[in-house]
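Line by line, the protein sequences give chains A and B. To convert, take the position in the first sequence, counting from 1, and add 12; that gives the numbering used here. To convert, take the position in the second sequence, counting from 1, and add 64; that gives the numbering used here.
Calculated from the structure, these hints are not laboratory results. Since this is a predicted model, take the numbers as computed values, not measurements. Even for Gly, the Cβ is constructed at its ideal location relative to N, Cα and C. Be aware that a few hints might be false.
Stated by the list, open to error - Beyond 10 Å from chain A on every Cβ pair, some chain B residues (computed):
id : residue
1  : Arg71
2  : Gln76
3  : Ala79
4  : Glu105
5  : Gly115
6  : Val140
7  : Ser152
8  : Arg153
9  : Gly163
10 : Trp167
11 : Asp175
12 : Thr183
13 : Thr188
14 : Ser197
Said to hold, decoys possible - What follows is a set of in silico ranges between Cβ atoms, one per label pair, in the way DEER data are often shown:
id : chain 1 : residue 1 : chain 2 : residue 2 : range
15 : B       : Pro70     : A       : Gly82     : 42 to 50 Å
16 : B       : Gly97     : A       : Lys31     : 44 to 52 Å
17 : A       : His66     : B       : Asp186    : 14 to 22 Å
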Amino acid sequence: MAIEVRIPTILRTYTGGEKAVEAKGDTLEGLIDDLDSRHAGIKGRLITEEGKLHRFVNVYVNDEDVRFLGSLETPLKDGDSVTVLPAVAGG
Amino acid sequence: MTLSLPRTMVDQVVAHARRDAPDECCGVISASGDAAARLFEMENAERSPTGFTFDSAEWLRVYRDIDDADEVPWVVYHSHTMTEAYPSRTDIRWSETAGFPYWLLVSTRSDEDEVHAYTITDGTVTEVPLQIS
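Pulled out of the complex, with its shape left as it was, chain A reads as follows:
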């Protein structure tokens, strides 16, 4: 089951400069584990040590922010697309 993952410029150091890569997983969490097995270190930029989605990134499944879907438990199916973007905020 291949799912396309679009990677933002700031994380392309982990994907050898690739804008989009393929990964597998039944849930977003599984997908990120699979992604990390091919692109070591990327998981640490997406998930905190406590195992939650980092607030410094936005992850979208089929253009919906996963914070409004099911966060890391969001189910995935063949043909879904996942997009990662840096979250942007300040004070």
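Based on these hints, arrange chain B on the given structure of chain A.
Below, chain B alone, put in the same frame as chain A:
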């Protein structure tokens, strides 16, 4: 190093900041090569006088528009409505992951426009001369 922006863009940033005051405004300037291309006024999802957050759905649309045009996110701008146009501690923390080469700050605390550009690298803020053409 300087940041060159057309007068129309700087005026638009200031107008956006004045319009949204007392809340902070925010937005993006894309670049093609090393030149400013387009300005995107963003919604501040926090609607707050002390902070800003890009609306995640709007940011996806804007990012994709920029990427599809082979441009890059280049400048993130926002306003401070009660303090100086200098990056706050929160700005410095977010700069590490936001992925913008330049931070443009506007202050609307007085009638006089204050606009300053910075790079923020590993927590170090450096003012960059703003060249308005």
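query = What are the numbers of the hints that this structure violates, sorted from low to high?
reply = 5, 6, 7, 8, 9, 10 and 16
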